[in-house]
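Now for the letters of each chain:
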Amino acid sequence: MSQQLEIGGTGMPAMNKRASGSPKAVYIHIPFCTNKCFYCDFNSYVLKDQPVMEYLKALDREMELTAQETPPERIDTIFVGGGTPTVLTPAEMGFFLSSVKKHFPNWAPDIEFTMEANPGTTDLEKLAVMKAGGVNRVSFGVQSFQNSLLSGIGRIHNTDDVYRSLENARKAGLYNLSIDLMFGLPNQTVEMLDESITKALELGLPHYSIYSLKVEENTLFHTLYQKNQLPLPNEEDELQMYLLLMSRMKAAGYEQYEISNFAKPGYESRHNMTYWRNEDYYGLGAGAHGYVGRRRHMNVKGVTPYNEATAKGLPRLEQFTVSTEEAMEDFAMVGLRMLDGMQSSRFESQFGRRFEDIFSAPLARLLNSGLLLKRSDGDGYRLSEQGVLYGNDVFGAFIGHLTEG
Amino acid sequence: MSDLRERQKKIRNFSIIAHIDHGKSTLADRILEYTGALTSREMQEQVLDQMELERERGITIKLQAVRLSYRADDGEEYLLNLIDTPGHVDFTYEVSRSLAACEGALLVVDAAQGIEAQTLANVYLALDNDLEILPVINKIDLPSADPDRVKQEIEDVIGLDASEAVLASAKAGIGIKEILEQVVQQVPAPSGDPDQPLKALIFDSHYDPYKGVIVYVRVIDGKIKAGSKIKMMATGKSFEVIEVGAFKPRMTIVDELNVGDVGFIVAGIKTVGDTRVGDTVTDAKHPTAEPLPGYRKINPMVYCGLYPIETSDYNDLREALEKLQLNDASLSFEPETSSALGFGFRCGFLGLLHMDVIQERIEREFNIPLITTAPSVIYKVTLTNGETIEIDNPSNYPEVGKIDHVEEPYVKASIIVPNDYVGTVMELCQGKRGEFVNMEYLDTTRVTITYQVPLSEIVYDFFDQLKSSTKGYASFDYELSGYRKSNLVKMDILLNGEQVDALSFIVHRDRAYHRGRIICEKLRELIPRQMFEVPIQASVGTKVVARETVKAMRKNVLAKCYGGDISRKRKLLEKQKEGKKRMKQVGNVEVPQEAFMAVLKIDDN
Numbered sequence: 014m015s016q017q018l019e020i021g022g023t024g025m026p027a028m029n030k031r032a033s034g035s036p037k038a039v040y041i042h043i044p045f046c047t048n049k050c051f052y053c054d055f056n057s058y059v060l061k062d063q064p065v066m067e068y069l070k071a072l073d074r075e076m077e078l079t080a081q082e083t084p085p086e087r088i089d090t091i092f093v094g095g096g097t098p099t100v101l102t103p104a105e106m107g108f109f110l111s112s113v114k115k116h117f118p119n120w121a122p123d124i125e126f127t128m129e130a131n132p133g134t135t136d137l138e139k140l141a142v143m144k145a146g147g148v149n150r151v152s153f154g155v156q157s158f159q160n161s162l163l164s165g166i167g168r169i170h171n172t173d174d175v176y177r178s179l180e181n182a183r184k185a186g187l188y189n190l191s192i193d194l195m196f197g198l199p200n201q202t203v204e205m206l207d208e209s210i211t212k213a214l215e216l217g218l219p220h221y222s223i224y225s226l227k228v229e230e231n232t233l234f235h236t237l238y239q240k241n242q243l244p245l246p247n248e249e250d251e252l253q254m255y256l257l258l259m260s261r262m263k264a265a266g267y268e269q270y271e272i273s274n275f276a277k278p279g280y281e282s283r284h285n286m287t288y289w290r291n292e293d294y295y296g297l298g299a300g301a302h303g304y305v306g307r308r309r310h311m312n313v314k315g316v317t318p319y320n321e322a323t324a325k326g327l328p329r330l331e332q333f334t335v336s337t338e339e340a341m342e343d344f345a346m347v348g349l350r351m352l353d354g355m356q357s358s359r360f361e362s363q364f365g366r367r368f369e370d371i372f373s374a375p376l377a378r379l380l381n382s383g384l385l386l387k388r389s390d391g392d393g394y395r396l397s398e399q400g401v402l403y404g405n406d407v408f409g410a411f412i413g414h415l416t417e418g
Numbered sequence: 154m155s156d157l158r159e160r161q162k163k164i165r166n167f168s169i170i171a172h173i174d175h176g177k178s179t180l181a182d183r184i185l186e187y188t189g190a191l192t193s194r195e196m197q198e199q200v201l202d203q204m205e206l207e208r209e210r211g212i213t214i215k216l217q218a219v220r221l222s223y224r225a226d227d228g229e230e231y232l233l234n235l236i237d238t239p240g241h242v243d244f245t246y247e248v249s250r251s252l253a254a255c256e257g258a259l260l261v262v263d264a265a266q267g268i269e270a271q272t273l274a275n276v277y278l279a280l281d282n283d284l285e286i287l288p289v290i291n292k293i294d295l296p297s298a299d300p301d302r303v304k305q306e307i308e309d310v311i312g313l314d315a316s317e318a319v320l321a322s323a324k325a326g327i328g329i330k331e332i333l334e335q336v337v338q339q340v341p342a343p344s345g346d347p348d349q350p351l352k353a354l355i356f357d358s359h360y361d362p363y364k365g366v367i368v369y370v371r372v373i374d375g376k377i378k379a380g381s382k383i384k385m386m387a388t389g390k391s392f393e394v395i396e397v398g399a400f401k402p403r404m405t406i407v408d409e410l411n412v413g414d415v416g417f418i419v420a421g422i423k424t425v426g427d428t429r430v431g432d433t434v435t436d437a438k439h440p441t442a443e444p445l446p447g448y449r450k451i452n453p454m455v456y457c458g459l460y461p462i463e464t465s466d467y468n469d470l471r472e473a474l475e476k477l478q479l480n481d482a483s484l485s486f487e488p489e490t491s492s493a494l495g496f497g498f499r500c501g502f503l504g505l506l507h508m509d510v511i512q513e514r515i516e517r518e519f520n521i522p523l524i525t526t527a528p529s530v531i532y533k534v535t536l537t538n539g540e541t542i543e544i545d546n547p548s549n550y551p552e553v554g555k556i557d558h559v560e561e562p563y564v565k566a567s568i569i570v571p572n573d574y575v576g577t578v579m580e581l582c583q584g585k586r587g588e589f590v591n592m593e594y595l596d597t598t599r600v601t602i603t604y605q606v607p608l609s610e611i612v613y614d615f616f617d618q619l620k621s622s623t624k625g626y627a628s629f630d631y632e633l634s635g636y637r638k639s640n641l642v643k644m645d646i647l648l649n650g651e652q653v654d655a656l657s658f659i660v661h662r663d664r665a666y667h668r669g670r671i672i673c674e675k676l677r678e679l680i681p682r683q684m685f686e687v688p689i690q691a692s693v694g695t696k697v698v699a700r701e702t703v704k705a706m707r708k709n710v711l712a713k714c715y716g717g718d719i720s721r722k723r724k725l726l727e728k729q730k731e732g733k734k735r736m737k738q739v740g741n742v743e744v745p746q747e748a749f750m751a752v753l754k755i756d757d758n
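Residue numbers (the working numbering), protein chains in the order written: chain A, 14 to 418; chain B, 154 to 758.
For the record, the hints were derived by calculation from the structure and aren't laboratory data. Heads up, a few of these hints could be off.
[Unchecked claim] Not everything, but these chain B residues come out facing chain A in the computed CB check (under 10 Å):
hint	residue
1	V394
2	L536
3	M706
4	C714
[What the hints assert, rightly or not] Here are the computed lysine-lysine pairs in the DSS-like style, where the Cα-Cα straight-line distance is at most 25 Å:
hint	chain 1	residue 1	chain 2	residue 2
5	B	K384	B	K163
6	B	K638	B	K713
7	A	K227	A	K184
8	B	K376	B	K330
9	A	K387	B	K624
10	B	K438	A	K212
11	B	K384	B	K438
12	B	K378	B	K555
13	A	K227	B	K163
14	B	K163	B	K423
15	A	K314	B	K724
16	B	K378	B	K423
17	B	K330	A	K227
18	B	K713	A	K314
19	B	K733	A	K227
20	A	K227	B	K384
21	A	K314	A	K144
22	B	K724	A	K227
23	A	K387	B	K696
24	A	K227	B	K713
25	A	K240	B	K708
26	B	K565	B	K624
27	A	K387	A	K263
28	B	K730	A	K227
29	A	K263	B	K401
30	A	K277	B	K638
31	B	K728	A	K263
32	B	K713	A	K49
33	A	K212	A	K263
34	B	K734	B	K724
[What the hints assert, rightly or not] If we take Cβ atoms under 10 Å as the criterion, some of the chain A residues that face chain B in the derived model are:
hint	residue
35	G34
36	A38
37	Y40
38	L218
39	S222
40	S225
Every value quoted in this text rests on a predicted model; they were computed, and no experiment measured them. By construction, the Cβ of each residue, glycine as well, lies at the ideal position given by its N, Cα and C atoms.
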């Protein structure tokens, strides 16, 4: 395969030229929820009767083994996702955060330490423990400001919980807050989304994620969808919702820095940028994915199987080396999700090759079709306004370009 | 010499005539087994149908021959040549030639279903060749078997005496000996003269990569052996025989082939075209005075374009067609270019099944994904300057202003159905511009309906519609009956304002509007939504007769892609791309393969 990449010019060898060193980003998965939302296909389990403490100990063990295998250096970002990490009791939370600190002790002074939270699972006491344990950014799964829509997607919180949770967070000294919203929900109208955005903006947060609902397999929604019992908005409305939210966020001074993410300048999620720049991250916890030294791994999914596997070693379900070609394609696929685009210079420093040489054909096609634009500083490419709507057509043009014969 | 004449008296050449599913291949297998040509251990089900496709479809495409020896009840040892025939209407000419190589034929009729249209056609071919016809009523062990009714039918419909018809079940091995005894007693021995110059009929051939063309012959007069100089009378080509042999059933070299023998000749022949089925082989130095009658060059009736989906497969496609042609002189092809589909081939076939089989073999045996354009018949277009041209590709259809008149081929279609379906079938034929010829009762419940129908209408989904509207009870046969003047127009299809040559078709003016509307609807369903709206128009000349729109895909972007999603999202995009590979880029519109056949899937009702 690498013979296909005999492209002259840079005179650099086609080898892993990535910046050396350990991942600067850590993802940790807490797979417990109070209940399962109707659209959720993540690795999560209803909390009741789960061996939570055993899990946290197993996690501690995995962190220890991971630190032995790839000793961490300075950590720039930590992201605790789920599931709902905030279903942990304050005591469990304290235990968990101390084990993070123990195994990943070298934190950058400006570390971004995010924890996902659900309104209704965060009292002041827990938030204080989180803050004390190093968490400095909280991302709340709000989804909508219409209670009727919330119950229709299986969320157990209501809008009052949202306000209370945010207030508590601020009381606990947590100001870098984000909320998730969703559009394209069953029975949602453009007006309802508009109202949700108004209410979201009234909160004056530095960051918002706004996702289009995708009906995933193995969810209640998928079952209903197949039975034709899921009253999703029509396509035109769904498009209008997306156009509306983009323009409203822009008008409110938020930069859309990724397909579904908006931030005040300087408040972009640095952890998520790691993924989109195709950079390394540790992945810990049941079902978690990691990407270290161009190897991807996925952990054992179930809670008990994970606990048991960890007793014997690293709890890997599968792991494989990503070929240079695949990594190059991934770079484009994830990099172009950022509206600022991907930088050719970063590509060159990761792969020792010029992006333009490797992908000349799809690049020409996409630039010609107007879906892709050259970045204003000339270093790389970004989606055009049209390209944002047809992102998959852009990403898809790169996928398989090198890896398919 | 008298030995040879004695030997000749003990030869019986026969074939089996049967409708699809009436048990021909099974019967052939039983005969092979019974005569010991193959031990049961060697027996593969249906030995004679060797191609995978033949087995799957239960049809015989290439004919086969086999030499058997049989000790009859009279104590004598007989040499039997069983020549298998294809059962399908597309291959009528091959059937007629293999029948010409025989003196007798078993007429196998299903004891429950009775005579079918294709059986009838083949029986008439056998009668034309003066064959002794021995009726066999097969599948008598079926609960629904009604041998007396079927006997009566054979007598009434064909006028054959069926009183001695063997009641058999090939599957259960019943009646095999009786059949062989009848062959020995009733089929005449070959009548040729061993002292005359060589005269042999070519009834088939196949290409062997090591030996070249292997010619299947039936010797009428004289003999043939290695070293003989032979000449093909129609093509005029001469060859020196390298070896001769018989099918036992594996090909086995023998010293010589004599009067009445069925066997093969290897003579260093490079192309199948030099050895046309129906041609006469004679001695190059002492030729026979008259060739055997009945040879005709067979011409394709149906044409379509075959295009590789991947442009890079073009050369492989040509090689595949060349290889198939080695064994099938009736397949014709020449390069053609389509602005929509690129480089491909215009291919001519004997009929729809032939087309289907070739297409499927290319995709399966040669692994080349294809786009097939809708089949076309040959139109005779007389121009205003008096010149007449033949059009086998709608995109070559002349401008309206230059056309004086157009003729299209008609066929005589015979359909046999239970009388409950007479109305349905007549309605269908009428809907296909058919002209009623006559209707005859075969017995109290079954009817033969004859229509004159334009071949182009048969080429559209006539088979499928006939099958579905009669719940599969109808059987159908057709033969070309000549050309007739017709009021035809060329319909063009425009995608996104661009004419797609590969989608053009020729249609009767009266139904142009209707067809145009339906094909636009069909294409709207088939063409996936693109980033922009795609108008689909059907036009005759400059007049748009129908219009549909494929609405634009408004948004296509994955909302989430975080660390855990990357592998999964990648697979999703790969899958999306895989789907696109089955599409052809026409202008800036992605068109799926099936769209090019959409014109065929029109239900006029």
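Hints violated by the structure (numbers, ascending): Going through the list in order, the structure violates hints 1, 2, 5, 6, 7, 8, 9, 10, 12, 13, 14, 17, 20, 21, 23, 29, 30, 31, 35, 38 and respects the others.
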